[in-house]
Amino acid sequence: MPAIELFEVTRRYDGGGETVVALDSVSIAVERGSFVAVMGPSGSGKSTLLNVVGLLDSPDEGRVHVDGEDVTDVAVDERTRLRKGTIGFVFQDFHLIPTLSALENVVVPTIFDPKPRRDRAADLLERVGLGDRLDHLPDELSGGQKQRVAIARSLINDPSIVLADEPTGNLDRDTGERILSELTAVTDAGVSVVAVTHDPAVAEYADRTIELRDGVVAE
Amino acid sequence: MSRLPALFVARRNLSRNRLQSALAALGILVGVVAIASLGIFGNVLAVGADDALGDIGTQVIVTPNADAGVQSIDDRTVAEIQRVTTGGDAVPLKTDGGLVTRGGESAAATIYGIREPGSLYTAAEGELPRPHRQGAILGADLADALDAQAGDNVDVTGDTYRVIAVLEPVESFTPISPNDAVMLPESAVGGDGYQQVVIRTDTGAAATASADAVEATVNAREDVVEVFELSSILDEINEFFSLLSVFLLGLGGISLFVAGVSILNVMLMSTVERRQEIGVLRAVGVSRWAVLRTILFEATLLGVVGAAGGVLVTVALVAGLYLATPVELWIVLDPTNGLYLLGAFAFGVLISVLGGLYPAWTAANERPVDALRG
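Residue numbers (my numbering), protein chains in the order written: chain A, 1 to 219; chain B, 1 to 374.
I should point out that these hints are in silico values taken from the structure, not numbers from a laboratory. None of the values given here were measured: they were computed from a predicted structure. Glycine residues also receive a C-beta, built at the ideal position from the N, C-alpha and C atoms. Certain hints may be false.
Cβ pair distances, simulated, as ranges [claimed, not checked]:
{"no.": "1", "chain 1": "A", "residue 1": "Pro98", "chain 2": "B", "residue 2": "Arg373", "range": "18 to 24 angstroms"}
{"no.": "2", "chain 1": "A", "residue 1": "Pro98", "chain 2": "B", "residue 2": "Leu251", "range": "39 to 45 angstroms"}
{"no.": "3", "chain 1": "A", "residue 1": "Glu204", "chain 2": "B", "residue 2": "Arg373", "range": "26 to 32 angstroms"}
{"no.": "4", "chain 1": "A", "residue 1": "Thr10", "chain 2": "B", "residue 2": "Leu268", "range": "35 to 41 angstroms"}
{"no.": "5", "chain 1": "A", "residue 1": "Asn170", "chain 2": "B", "residue 2": "Phe257", "range": "42 to 48 angstroms"}
{"no.": "6", "chain 1": "A", "residue 1": "Pro41", "chain 2": "B", "residue 2": "Phe257", "range": "49 to 55 angstroms"}
The calculated EDC-like cross-link candidates involving lysine to aspartate or glutamate, where the alpha carbons are at most 20 angstroms apart (straight line), are [stated by the list, open to error]:
{"no.": "7", "chain 1": "A", "residue 1": "Lys84", "chain 2": "B", "residue 2": "Asp370"}
{"no.": "8", "chain 1": "A", "residue 1": "Lys84", "chain 2": "A", "residue 2": "Asp67"}
{"no.": "9", "chain 1": "A", "residue 1": "Lys84", "chain 2": "B", "residue 2": "Glu277"}
A few chain B residues that don't get close to chain A, going by computed Cβ distances all over 10 angstroms [as the list claims (entries may be wrong)]:
{"no.": "10", "residue": "Ala188"}
{"no.": "11", "residue": "Val313"}
{"no.": "12", "residue": "Ile331"}
Produce the complete structure using the sequences and hints provided.
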C-alpha cells in the first residue's frame, strides 16, 4: 500500500478576477521508502501539490489517501493530528524557532504533549551529526546544520512521509549534498520522501522524478 | 522545559522582545496602581470621615425655638424629652461663656451647666460625678491652655472651683465640643431653664426615632423646640463618599482599559511578527488549542507581572500616604483596602487575558498554508 495517494486532484485559486488551476486532475502515488522529486518551473503547481499531500490544503476535486485512508474531508483538528502523526516537514527557510535550542526545536511537534520526546530528539540530532550542538540556538548554527535540525524535527513522530520544500534551496552545493544524503538515509528506514525542487541535483538522489507543468503531471 | 510547555514557550516568546513586553506590563502596572490606589484613597477618606462623623449620627440636639419666642427649655419639657427618648440618654445643658483663669494663664471658654456629664463624655483624669454637684470639669484643650490638672483650682467668671476631672479630647465632629469648655454644676450657671438638650443614643436609628418622637410630642401643638438630627446628614455624606468611590474607580478603570488595549496591540504585533513561526507550529501538528493557549499565557503573564508590580507600587503609595498625612494606621490597614488591592490585581489580569484573546484566536485559526507563505 502506498504511503500517500492522490486521485484526480484538482485545486483552483481565485486570483485577480480569474481562476488559476494550480493542479489539474493530478494522480500520483508515493510508495513507502521511496524518494520522489517533484520538479517544474515556478507556478507549475509544485507547492500546491506539496500542500495537498501534506494535508495543509484540501483539493477542490479528487481524493487524498494517507496510509490507505481517505482523508480528503477530515476536519481541521483531525487534519492537524494526522499531520503530526504521519507527516514530517522540511522547509526551504528551515523555519526553526529562534528562541528555542536545536534540541527544543526538534521536540517542538511534541512540545505540548504530556511527554515531550526529548530522548528521541537527542537521538535524531546525534544521527544527523549534531550530537554536540543540542543546546545551540538556530543563530549559532550554519545553514546546513539548521536544515539537519529541521530533518530531525520532521522525524520526531516517526512519520510515514517527509515532505521537503526546496530542501537545498538556501544551501551551497556541498552542504546540499549532505542534506540529500540525510534524506536518502531517511528512506532506508521505510519513510517516503517527497522533495519539491528546482535543483537538478535532487533528482539525482531521487528514485523517481515527477515533472509538473501547468498543474499537469508530465512524467 | 517545564511541566507547562505553553508557559515555557510563552516566557521564551516574551523574552524575545523585552522592551515591548516590559512596556505592555508597565501599562497594566499603571492601570492597576490607578484603580487600586484611587480606590484605597477614596476608601481611606470614607472610613476616616465615617470615624470622624460617627458620633454625630447618634446625636440629636434640641434647642428652644427662638422664632416662636421660646428662650429656654423648661424642666417639664426636658422631662418630656427624656420620657420619649429611646435607646439612649437625654442630657439638658445650660450654656454660657466667660473667662477661665488659673494663676497667670487665662482662656475664653464655653461654660456648660450639666447634671450628668458622664452620659456624654469620658474623663482622662479624675472622675465624672453622678450627678455633678460641685467643682469644675475641664475640656482637654482648655486644661492644656491653663496647664491645669485635677486637684488644681481655677477661676470661672470670678468664682473659684476645684478641678475634679479633665475630659478626654474629642476628635470627632460634634455640635457640643467639650474641648474648649468648662463644665459646672447646673446651679452655678445662671438663667431659667436650659439652652439645649443633647440626646445621645447607641445607634443612628435610635437617634432618628427619638428625634421623631420629640417632634411628635413636645412639638405636638406648637413648635416649642427645634430638633437638629444629624443621622440624615450622615446618610448624605455616606452617599457622597460612595459616589466619590465610584468616580475614582471609574478613573482607574479607564486607565486599566487603556492598558488592556495596549496588551491587545502588543499581542497583535507579536503574533503578526511570529506569523510564519505559528504557521510552522500548526504545520508540524501543534493543535489550534495549544497555539491559542500559548498566546493567552503570554498575555496572562504580562498581566500577572504588571498587576503584581501594580500591587507593590500601590502598597508603597499607601505607606507614603500614611507617613505623609495624619491618617491613622487602622484606617490604612482596613480590610476593605485589601479587597481593593485584590480586586485591582484580578481586574488587571482579566483585562490582559481579554486583550490576548483576539490575537490568540486569529493566530490559532489562520490556515498554516497562508501563515507559512508569510
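Evaluation of the provided hints:
1. Pro98/A <-> Arg373/B: 18 to 24 angstroms: Distance hint for Pro98/A, Arg373/B holds at roughly 19 angstroms.
2. Pro98/A <-> Leu251/B: 39 to 45 angstroms: holds, 41 angstroms
3. Glu204/A <-> Arg373/B: 26 to 32 angstroms: Holds - the Cβ-Cβ distance for Glu204/A and Arg373/B, about 29 angstroms, lies within 26 to 32 angstroms.
4. Thr10/A <-> Leu268/B: 35 to 41 angstroms: About 36 angstroms separates the Cβ atoms of Thr10/A and Leu268/B, which means 35 to 41 angstroms holds.
5. Asn170/A <-> Phe257/B: 42 to 48 angstroms: holds, 46 angstroms
6. Pro41/A <-> Phe257/B: 49 to 55 angstroms: Taking Cβ atoms as reference, Pro41/A and Phe257/B lie about 54 angstroms apart, which means the hint holds.
7. Lys84/A <-> Asp370/B: Measuring from Cα to Cα gives roughly 18 angstroms; hence the hint holds.
8. Lys84/A <-> Asp67/A: holds, 14 angstroms
9. Lys84/A <-> Glu277/B: Answer holds: Lys84/A to Glu277/B is near 16 angstroms, not above 20 angstroms.
10. Ala188: holds, 88 angstroms
11. Val313: The claim stands: Val313/B keeps its Cβ more than 10 angstroms from every Cβ of chain A (closest is about 30 angstroms).
12. Ile331: Per Cβ check, Ile331/B is outside 10 angstroms of chain A; nearest 48 angstroms; holds.
Of the numbered hints given earlier, the model fails none.
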